[in-house]
Structures are given as structure tokens and as C-alpha cells.
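Student: Sequence:
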Amino acid sequence: MSKKKSLRRPLVAGNWKMNKDHVEAIHLIADLGLRLRSIASSNIDVSVHPPFTDLRSVEGIIGAESLPVFLGAQHCSAHEHGAYTGEVSVEMLRRLSVSHVIIGHSERRQIYAMSDADVAATTVAVHGGGMIPIICVGETQEEHEDGVTKEVLAHQVNSALTGIAAGSEERTVLAYEPIWAIGTGLAASGDDAQEVCSYLRSLLKDARGEVADEMRILYGGSAKPENTLDYVAQPDIDGLLVGGASLEGESFAAMIEAVATCYGSSAT
97 MSKKKSLRRP LVAGNWKMNK DHVEAIHLIA DLGLRLRSIA SSNIDVSVHP PFTDLRSVEG
157 IIGAESLPVF LGAQHCSAHE HGAYTGEVSV EMLRRLSVSH VIIGHSERRQ IYAMSDADVA
217 ATTVAVHGGG MIPIICVGET QEEHEDGVTK EVLAHQVNSA LTGIAAGSEE RTVLAYEPIW
277 AIGTGLAASG DDAQEVCSYL RSLLKDARGE VADEMRILYG GSAKPENTLD YVAQPDIDGL
337 LVGGASLEGE SFAAMIEAVA TCYGSSAT
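Following the working numbering, the numbering of the sequence shown begins with 97 at its first residue and continues without gaps.
Calculated from the structure, these hints are not laboratory results.
C-beta atoms are modelled at their ideal positions from N, C-alpha and C, and glycine is treated no differently.
Any given hint could turn out to be false.
Stated by the list, open to error - Label pairs and their calculated CB-CB ranges:
| # | residue 1 | residue 2 | range |
| --- | --- | --- | --- |
| 1 | T181 | G281 | 29 to 37 angstroms |
| 2 | G360 | G182 | 17 to 25 angstroms |
| 3 | H123 | V307 | 36 to 44 angstroms |
| 4 | E247 | E310 | 20 to 28 angstroms |
| 5 | S162 | K246 | 13 to 21 angstroms |
| 6 | G159 | G243 | 44 to 52 angstroms |
| 7 | D302 | H118 | 41 to 49 angstroms |
Claimed, not checked - Capping the alpha-carbon separation at 30 angstroms, the derived lysine-lysine pairs in DSSO-like fashion look like this:
| # | residue 1 | residue 2 |
| --- | --- | --- |
| 8 | K246 | K113 |
| 9 | K100 | K320 |
| 10 | K301 | K100 |
| 11 | K246 | K116 |
| 12 | K246 | K100 |
| 13 | K301 | K99 |
| 14 | K301 | K116 |
| 15 | K320 | K246 |
| 16 | K116 | K320 |
| 17 | K246 | K301 |
Working from the sequences, and respecting the hints, build out all of it.
Tutor: Below is the structure:
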């Protein structure tokens, strides 16, 4: 397989969602760490996004074992502090060594009514805390079938861009997650995902010029070891936002290895 050449450093992000208590989280990150020892993955970034209650435990293992893994969160508040029951601030996450934050995941948008304005405001807060936002965009099954995917994505991206200050593009990640493929077992083909991600990059270029080439775009939606290369070999896909497959060390490590190999490294 020919090696992929890109100016952008790939990212594989594991979203654990509401899975794993703190004991299970310790076992999972320890297992992943052992598997990563046999993978030459210095050419890619890896992040894990446990539930809030697991962050301290996972941080401890990452630090103690010097694992090549960034600690991430699944969500945070746009507010610094105050009467926001159930929320967690950027500063709280920063003190736990969190470096990446998922913003606007489809489940946050659909279940908790997170709006495009909320996404932009949270992006401002995350950047202000020195962290990297992973901003999720995507269309529903109905929108997909109605042929309005591009219109939906244009609105989401242009709104998100209001929260991205000039000069911070390189520290911003966009994740395309077709909602109809989240947790359904369905997945966009590599070619279809590339078509959409190419369109997303064109939107970024229209708004920010050539600096858009520095922004990483991930694919998320029923990604697994078997289809990893279908996505990451595409020119405008710079990694994956992984759900269910990140809950097992074996499958997540296999995906990390596939991405590392695609970009020029292999098992040691």
C-alpha cells in the first residue's frame, strides 16, 4: 500500500460516550497502552474521551505509563462557572490535563438541544482554555434522503466558524458524522465520505483561505478496523472519531495501527 502524504497530522479520537465506570476505564486505557507499545504511532495523534467521572483515573494511567495518548472530554460548558447544574467548565477540564474536547456531537444536539450558537460559544471557551475543539457536524437520515446535506453542513460550519478566531485554525478539528450512521451499523463509503469532507474543506477555504488546509477533518460514523483504510486513505480525511470500536483495546489499537501504517509507520 502506498503511503499517504499530507501536511496535516492525523488524529484518531475514541469517544467512549456513557460507557465504562472508573475501574473499567483503568483496565481499558491500560490495555490500550500495552497494545500501543508494539505500534509505531509517533506520526499520528490519539485521544480518548471517557465520561467525566473517569477522567482522573485515566489521566493517572496516561501519566504514570507515559502513554502516547491525549486525554479528551466529550463535552463542556461555554460558561466559566456559576449556577449551571450538571455542567463542567473548561478550567475544571484543564486541571485534569484534558487537551481535546468534543463539541456538538449529534447526540448532544439531538438529545440535549445543543444549538449551533452553543457550539460556537463552547468553541470560544475551549480555545480560550488552550485546548483543541473537535467540532461535530452532520446531517440526519431525512436530510440525507432529501438531498440537502450540503445546505445543512454549510449552515453548521459557517456558524461554528464564528467561534474560531483567526490564527487558531490549526488547533481546530472538524468531524463529519452523518447522523444516520451513528450507532446504526451503517456507514458512508470511503468515496462518499471523501466527497463530503472535500466539500467541508471548500467551505473552510471560502471562509478562511488557504489556512483551511491546516485544519484536520475526521470521519465518524460506524468506523471500525475493517473500514478504517477506506476513510483515512482519502485526501481530505485526516483521521477518525470512533465510537463503539474504541471501547475495546484490541479494536481501537487495530484502527490506530492502520492509520499509522497509512501515514508511513508500521508495527515495530
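Student: Would you list, in rising numerical order, the hints stated earlier that this structure does not obey?
Tutor: 2, 5, 11, 14
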